[in-house]
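Colleague: Residue numbers (my numbering), protein chains in the order written: chain A, 1 to 420; chain B, 1001 to 1459.
These are calculated hints, taken from the structure and not from any lab test. This one's a predicted model, so the numbers in the text were calculated from it and none came from an experiment. Treat each hint with caution, since some may be false.
As the list claims (entries may be wrong) - Cut-off 30 Å, straight-line C-alpha distance, at most; resulting in silico cross-link-like pairs (DSSO-like, lysine-lysine):
(1) A:Lys364 / A:Lys303
(2) B:Lys1172 / B:Lys1439
(3) B:Lys1448 / B:Lys1016
(4) A:Lys363 / B:Lys1023
(5) B:Lys1155 / B:Lys1320
(6) B:Lys1267 / A:Lys33
(7) A:Lys363 / B:Lys1011
(8) B:Lys1207 / A:Lys364
(9) B:Lys1448 / A:Lys76
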Amino acid sequence: MSSKKLKDFEEQIRQCVKCGTCQAYCPVFGEQKRESVVARGKIALAQALLDGDVELDRRFAGDMSQCLLCGSCVDKCPNLVPADEIVMAARREITEKHGPTSFGRSLSLALKNPSLMKWGARGASLFSPILFKKVPEGSGLRLRFPAPYVTRDRIIPEIASRPFRDRHPEFIPGEKDKPLVAFFTGCMIHFMYPQIGESVLAILRRMGMNIWIPSEQGCCGLPAISAGDGATVEELADRNLAAFEKREPDVILTACASCHAGMSRHFAEFGERQKELAKKVTDIHVFLEREGLIEELKNLPAKTDPVRVAYHDPCHLRTQGITKEPRALLRALPGVDYIEMEGADRCCGLGGTFSVYHYETSKKIGARKAPGIEASGAELVATACPGCMMQLQDIINQAGLPQKVVHILDLIAKELPEHS
Amino acid sequence: MLQPRIVEILKDIVGKENVSTDKSDLICYSYDATQQKFLPDAVVHPGNAQEISLILKMANSEGIPVFPRGAGSGFSGGSLPVRGGISLVTTRMDRILRIDEDNLVAEVEPGVVTEQFQQAVEKVGLFYPPDPASLKFSTLGGNVAECAGGPRCVKYGVTKDYILGLEVVTPKGDIIRTGGETMKGVVGYDLTKLMCGSEGTLGVITKIIIKLLPKPEAKKTMLVLFNSIDGAAQGVSAITRAKIIPTTLEFMDSSTLECVRQATGLKIPEAAKAVLIIEVDGDRDLIERQSERILEIIQPLGVVETQVARTPAESEDIWKVRRSVSPSLRKVNPDKFNEDICVPRSRVPDMIRAVEKIGQRHQIPIVSFGHAGDGNIHVNILIDRSAPGEMEKADHAIKEVFAEALSMGGTMSGEHGVGNTKAPYISMELDPAATEYMKAVKRALDPKNILNPGKIFLE
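All chains, full assembly: derive it from the sequences and hints.
Modeller: Written out as C-alpha cells, the structure is:
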C-alpha cells in the first residue's frame, strides 16, 4: 500500500463523476463549505496534479491536509471512489518531495524505536502535569497532539506512570479449549488509557480466554499514514508482522477503532502474510458478541438504578459496518439504560493529524455533537475508540455539559462479576 | 484572466478571504455532475444580496460574465462558467431565517441544503415535499433556479409549487422582491414563477419564501415485482383511475433490474421484468386502506411478488433497491448520459418500448427507470467515451429519445433543465416564436448578457 503512487489511482480518480454526494457526508465540508476540502474537489486536484495543472506545493499540501480520513464519503460514494486512499497517496507524495514535517520527523524516529518511545513515556510520567513536553518524543500520540496543540484549553488524560504492556506478562493462560486471543493495544491504550486495557483483560479472563499481549508490537501506523510518512508505516508493518507471527492466535483483538482500521485495512495491503494476519484482526465488540457475551450480560441480575448511557459511533468502526455490536452490548448491560442520541454517527472531528493542523475546524465539527449529547439526557457517553473519547470529553467540557465519556469495555468490566 | 484591478474590487466587496484566483480553486469550481470542465477566472463567495448587487453592477459595467452556483450538483451544466468570468457561489448564505408555524411559511437563504431544511421544518411537524435525488447536498437556491422535482412530485408537485416569494438580484444589480408570503397575490406579473426554473439566467436568488404543509402522520412503502413492463405500466394507470395518488410511484425496467442484480447480488426473481415502488402517506387508517386497495387493483396485472414494509427499516431497505440503480449502471459501461424526459403518464409503456428500440438500433445499452407516476423517465444511455464512435451513437440516440418523447406530447426535460447540455436541442421542443419570446425577456433584463450566458439558448 505505502508503495502505491497517486498515479496508481488514476482509474479510481476517473470513477469520480463529480455528482457531489460527498458534500453531504464530509464533516470538514460541513464547516468550511469550500469545494477544495471535499472529496470531489480533492480528487479533481489529484487529477490536476497528475495532469501537471497544479504543483506539489504548499497550496496542494494544505488542501490535502483538510481530510479527517474518516471514510464517510467513501462509504456513501455511489461509485465507491476511495477518496481517503487517494488523499493518503497524495500526502505520501508531499512527504516524499518535501520531507516530513518537524513533528513528523521526530515521530518517525520514536515509532521506529520502541525503547525510545518507552523512555519517553516514562519520562513523561515524572512530569505528568506538564505532560506533553515530555511525552514520547513522537509516538502516535506526539503526532496527534504536538506541543502548540496541547497548550490550548484542551483537557487531555494524563500519561500513565506505567504503560499498559509493562504491567502484564506477555501470556496469560485461560481455559484449555478456549481460543488464543492476541491483544493489539495501540498507543493510546498503552500510554494514555491503560484502564481500557485493564478492562479488556478483565473481560477476557472472565470468559476464560487465553490472552497474548505481544511485547514487540508497535503502533498500528495510522498516525503515520495520516501524516503521509510511508517509510514509517512500512517499518511499523514489519514490526507488527514479526510480533504477531510468533504464535498463531485465533484472533487479534483491537479496542481502538483507529487501530482496527490501521491493522485490518491498511496493514493488510503490505503483502500476503500481512493479509492473512489482518484477517484475524477483530474489533473486540464484534468478538464479544460472537462469543455470546450479550446473552451472559442479559442474564446478570437486574439493577434498580441503571445509568443513562448514549453511544458515539467512531468513524473507523461505522464505515466498517460495525454499529450494531457496541449498541447491543450496551443494551444488554443491566446497569445501563441505553438511549440512542441524535447525531450518534457524526464524526467527533479528531481525525488523527487533522486536529493538529486544523484545530478550529476540528472544534467546530466536534461542537455539532453537543446538542445531541445534551438532548439525550445521558449521564455517560460511551464509545469504542480512545481517540474519540478524548475529543468527546473536550467537546462536552467546552459546551459546559456534565457528561463523562467512557469506553464501553469499562462499563462491561465493571458489571461482570470477578472470574471465579 | 481578470484584470488585477477587478480582482481588487471583488475583494473590496466580499472580503479577500472570499475571492480566489488560485488555480486550485478555479479547478474546484470548474465542474458539476455533468462532468464537463470550464475554468472560471475567479471564484467569489458572497455573503449577502448587497454584495451580489455590487458584483453584478460591476460585472455589467465591465462586461464580465457571472455564473451563479449552489452545490454544483446539476445535471445540465446550469452552474458551469462556460465563458470564464466569475463563479458566484452561494453556499455561505446558508441561514434558515424563520419558520412561521402560524402561517406555514419559511424564509431561507439560497445556500441552505434541501435536506437540512426539510429536517428543520419536520422538527416542528411541518413538511417541505420536493425531494430531488440530490437533496442531501443540493441547495434550495439551486432547486428553485432549476425547478427541481423528485419522486414525491407525483402527489405534491415540484419546487415551484412551494415558492411564494423571492428576493432576487437582477442582472443589472437591483435588489427586487417577487411575490410575498400570502397564499394569494395577483398584483403584477408572476415573477416568482418566472424565476423558478430560469436556471440563473434572469437573476440571482438571495432569499426564498417557502410554503409548507403539515407533516403527514405516516407512510407506507411497497415493492411490487411484475412479470412485464406492461403490467407495471397498467398498474400505474389502474392506480390513477382508482383516484388514488400515491406519494411516489417509481419504476425500473428489466435492464435496470438486470444491472441491480449483477451489481448488488440482491435476490430479485428471474420472472420479474419490472418493478414499481409505491409509497403512500397520510393518516394511518387512510394509508392502510389505500395500500390495501392498491395491492388489490394491481394483483391481476402479473404481479410476481409483493413486499410491504412494516417498519421504517424495511421501508429503507426497499428504497435501497432504488438507490442502488445509479451506481450499478457503471458496471455496464463507465460513462452515462442521464436524460430526464417526461411524457403523459399513460404513455410511459410506449416510451419505454421506444427507448428499447433505439438502444437496439444503435447497439448501445439503455436503461430506463424513474418516476412513472408523473411520466418522468430517466433514460440512461451507457457508453464508454473512450471507445471510437460511441459518442456519436449516444448523440443520435439522445436526439431520437427526445423526438419520441415530444411526439407523445412530452418534454425533453422534466427536472434537470436545459443548461448547456440540452441547449443544442431546444429547437426540437420550442417553436421559434416561443424561443424568441424567451430571448426577448432575457435581452430586456440582461442586455449585456452577463448573467449565466451560454445556457438554455445557443447564440
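Colleague: Look at each hint and say if it fits the structure.
Modeller: Going through the hints against the structure:
1. A:Lys364 / A:Lys303: With a Cα-Cα distance of about 38 Å, the restraint between A:Lys364 and A:Lys303 is violated, given a limit of 30 Å.
2. B:Lys1172 / B:Lys1439: holds (17 Å)
3. B:Lys1448 / B:Lys1016: holds (27 Å)
4. A:Lys363 / B:Lys1023: Since the Cα atoms of A:Lys363 and B:Lys1023 sit roughly 29 Å apart, the hinted pair holds (cutoff 30 Å).
5. B:Lys1155 / B:Lys1320: This hinted pair holds, its Cα atoms lying about 21 Å apart.
6. B:Lys1267 / A:Lys33: violated (40 Å)
7. A:Lys363 / B:Lys1011: holds (28 Å)
8. B:Lys1207 / A:Lys364: Roughly 26 Å separates the two Cα atoms, so the pair holds.
9. B:Lys1448 / A:Lys76: violated (43 Å)
Of the hints listed earlier, those the structure fails to meet are numbers 1, 6 and 9, in rising order.
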